[in-house]
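Asker: Can you join these two chains into the complex? Each is in its own frame, and there are hints to help.
In the order they appear, the protein sequences are chains C and A.
According to the numbering used here, the residues represented by the first sequence are 1 to 124, in order.
According to the numbering used here, the residues represented by the second sequence are 1 to 219, in order.
These are calculated hints, taken from the structure and not from any lab test.
No residue lacks a Cβ here, since even glycine has one placed at the ideal position from N, Cα and C.
There's no promise every hint is true.
What the hints assert, rightly or not - In silico BS3-like links for lysine-lysine, alpha-carbon gap of 30 Å or less:
| # | chain 1 | residue 1 | chain 2 | residue 2 |
| --- | --- | --- | --- | --- |
| 1 | C | K39 | A | K116 |
| 2 | A | K76 | C | K90 |
| 3 | A | K69 | C | K122 |
| 4 | C | K53 | A | K116 |
| 5 | C | K122 | A | K157 |
| 6 | C | K90 | A | K116 |
| 7 | C | K122 | A | K29 |
| 8 | C | K122 | A | K116 |
Unchecked claim - Stretch by stretch, here's where chain A covers chain C in the computed footprint (C-beta under 8 Å, at least three residues):
| # | region |
| --- | --- |
| 9 | 43-56 |
| 10 | 111-118 |
Stated by the list, open to error - What follows is a list of derived Cβ distance ranges for each label pair:
| # | chain 1 | residue 1 | chain 2 | residue 2 | range |
| --- | --- | --- | --- | --- | --- |
| 11 | A | V186 | C | P109 | 26 to 32 Å |
| 12 | C | G116 | A | G35 | 45 to 51 Å |
| 13 | C | L40 | A | Y72 | 22 to 28 Å |
| 14 | C | V30 | A | A2 | 58 to 64 Å |
| 15 | C | K122 | A | K116 | 19 to 25 Å |
| 16 | A | S187 | C | L120 | 35 to 41 Å |
| 17 | A | R109 | C | A71 | 29 to 35 Å |
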Amino acid sequence: MSKEDNMAKALPGYGTIDVPKDRVVPFGAVTPAPVGTQKLFQTSNWRVVRPVKDEEKCTRCLQCYLACPDACWVYKEEDDTLEWVGDFCKGCQVCIAQCTVDGALVAAPELDFEGGVVRLEKPF
Amino acid sequence: MAKVHEITVWARGVLQDKEGRDVINIFAKAAQAEGKHAQAFDNYEDLPDRVLVTVRKYVRLSDEEITHKYVYTNDKPEVVVICEATIVKGIDVLRGMEPGGTLIINTNRSIDDMLKLLPNANLLATIATVDADAITGVRTVDFSGSEGGVDTTGIGKGIAAPIVGAVAKVTGLIKKESLAKIVSDVSGMERGYNEVKIKHFKPAVAELVGAAAGSKTKR
Numbered sequence: 001m002s003k004e005d006n007m008a009k010a011l012p013g014y015g016t017i018d019v020p021k022d023r024v025v026p027f028g029a030v031t032p033a034p035v036g037t038q039k040l041f042q043t044s045n046w047r048v049v050r051p052v053k054d055e056e057k058c059t060r061c062l063q064c065y066l067a068c069p070d071a072c073w074v075y076k077e078e079d080d081t082l083e084w085v086g087d088f089c090k091g092c093q094v095c096i097a098q099c100t101v102d103g104a105l106v107a108a109p110e111l112d113f114e115g116g117v118v119r120l121e122k123p124f
Numbered sequence: 001m002a003k004v005h006e007i008t009v010w011a012r013g014v015l016q017d018k019e020g021r022d023v024i025n026i027f028a029k030a031a032q033a034e035g036k037h038a039q040a041f042d043n044y045e046d047l048p049d050r051v052l053v054t055v056r057k058y059v060r061l062s063d064e065e066i067t068h069k070y071v072y073t074n075d076k077p078e079v080v081v082i083c084e085a086t087i088v089k090g091i092d093v094l095r096g097m098e099p100g101g102t103l104i105i106n107t108n109r110s111i112d113d114m115l116k117l118l119p120n121a122n123l124l125a126t127i128a129t130v131d132a133d134a135i136t137g138v139r140t141v142d143f144s145g146s147e148g149g150v151d152t153t154g155i156g157k158g159i160a161a162p163i164v165g166a167v168a169k170v171t172g173l174i175k176k177e178s179l180a181k182i183v184s185d186v187s188g189m190e191r192g193y194n195e196v197k198i199k200h201f202k203p204a205v206a207e208l209v210g211a212a213a214g215s216k217t218k219r
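For reference, chain A alone in the conformation it holds in the complex (with noise of 0.2 Å):
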């Protein structure tokens, strides 16, 4: 079987539970564009509809068909996406990972001050930060859509778009020109793709930190 891409989004419940689902649709519907396999929903025992609780989506990429389909929760996320910088700090987001993980933060602070709130980092081989606030500005564009509704905005106008153009760059998964056809906000999808900072952790003492972490963690 071919190796199934993990992605989870963390954010804030009904302020950006729109947005935390873009990001995963967008993902998905340029995935499938692009030929992949593709899954994309929410976590089912979080609590969307209450201000500011952590909600999670999850995101599975794959070259073949995914086969774990009754599995509703990312448990090994390759990938760990924040859309509120704050959640880093009360959750172990990157719970599960495996080393050699990537975390992408939606913040205006440094990568070093993000790391400083990640017991774990060592897991990390890529950390990158967006500024998708200021880039689309920070707004609640509509609370439509969530429990299988419809959008009447259509996806991807909010702080969804930097952060897709962000993580696309960051992890390569999907292309650019596939995202632009899905995102409704393109231009903010670009400013998010150029805008991203990215720092990469030396392969070398990642792997030998990543190595003793996970002899640790292995469960």
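Here chain C stands alone, though its shape is the one from the complex (with noise of 0.2 Å):
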């Protein structure tokens, strides 16, 4: 007999978890993502450079929205405008690097702003 069976011999529950039936789900279930930004998560003290938009150049191909990992540019379709999400940004430059309109997004040093970062008491 191998040392599993001996267990289970010894020991019925070897090997299982007591789950609540209510909170039993089917294997390979998948549980909802978190939707929109996350609170408890905010990044933005990581930025160096922030990117800014040129609206008059700014075409709404939408790549900066498609490329931000973070969901920080957010299309408003009623007024055709991008928004720029600033406590989640962490200054990746991915949009600017995936900009097709030259200069319509650059790279401008943060502390060139006022405010914008969200201050935390420790690093994250």
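Answerer: Okay, structure coming up:
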């Protein structure tokens, strides 16, 4: 008899987890991802530069919106504008690299702006 | 027990991780060469392997043996060193500082610009800026040396050299001569020592403001 079988005989509950009936999910179940921004993981203080958009040059191709890993570009359909969510932008500049128009998105030093960064007591 | 001088260094993860660690190691080694007792260590909970995330490095210097060796953060830093100026905007870097502290920032901007970003600047007796990026150039020296690895480039080659020079001049905790024996980039260290811009606040005002702030923030 293998070790596992011995254990199973000695301890009937061995290898199983007691889950309440209402918490049981089928194997491979999908739990919903948090939608929108997460207040507990504000990453704006990682930022050294921020993307600045030229409204006139922007063609609304939405490449920045697609590329942003933190969903910091929000497209507002009703007034056809893109809004930048500064609290979560960590200045990775992917949107600037993906921008299809020269000069529509540029990196500007964060210290040139007042505010826009969530001030934390600890690194994160 | 003799006073323990606590220095906290803030740097950006990956890009300045080694430089930040160099600052603390240079200080600790120089202090030990002067016959002082020193401790130098990284923060335990920061994420130094994520780019641009702020990381903390700590040094403690004392004339006598430092007894609180199992406390692994500087809760009341006397000197705070900022390796990248934007950190001032996103973090309360003066947290825990007693009135009369010192802040040294690596930036090419003016001291007044930096003071605007510090809501609790009344804790400071001295603020200084050094443009270390211009002195040694913005460059990533080496990624080695993390997690106990061996530094192959020697310590103090990047922005760490001018920063330690500046800190030595502003605080007076370490002699420049003992730093020069340890730093690889001695000329960078000398330039940091000479080019640091210092602003002292008038002691009377600083004490008054500090006393008021101290009574408010007393824990």
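Asker: Take the hints in turn and mark each one as holding or not.
Answerer: Hints and how they fare:
1. K39/C to K116/A: holds, 26 Å
2. K76/A to K90/C: Distance of about 29 Å is within 30 Å: holds.
3. K69/A to K122/C: OK: K69/A and K122/C at ~22 Å, within 30 Å.
4. K53/C to K116/A: holds, 26 Å
5. K122/C to K157/A: The given pair, whose Cα atoms are some 28 Å apart, holds under the 30 Å limit.
6. K90/C to K116/A: Holds: K90/C and K116/A sit about 22 Å apart, inside 30 Å.
7. K122/C to K29/A: holds, 28 Å
8. K122/C to K116/A: holds, 20 Å
9. 43-56: Held - the region 43-56 of chain C has 5 residues with a Cβ nearer than 8 Å to chain A, which meets the minimum of three.
10. 111-118: The restraint on the region 111-118 of chain C holds, since 3 of its residues have a Cβ under 8 Å from chain A and three suffice.
11. V186/A to P109/C: 26 to 32 Å: holds, 31 Å
12. G116/C to G35/A: 45 to 51 Å: Given range 45 to 51 Å: holds, Cβ gap about 48 Å.
13. L40/C to Y72/A: 22 to 28 Å: holds, 24 Å
14. V30/C to A2/A: 58 to 64 Å: The hint (58 to 64 Å, Cβ to Cβ) holds, given that V30/C and A2/A are roughly 60 Å apart.
15. K122/C to K116/A: 19 to 25 Å: 23 Å Cβ-Cβ, so the 19 to 25 Å window holds.
16. S187/A to L120/C: 35 to 41 Å: For S187/A and L120/C the Cβ distance comes to about 37 Å; the hint holds.
17. R109/A to A71/C: 29 to 35 Å: Check passed, 32 Å falls within 29 to 35 Å.
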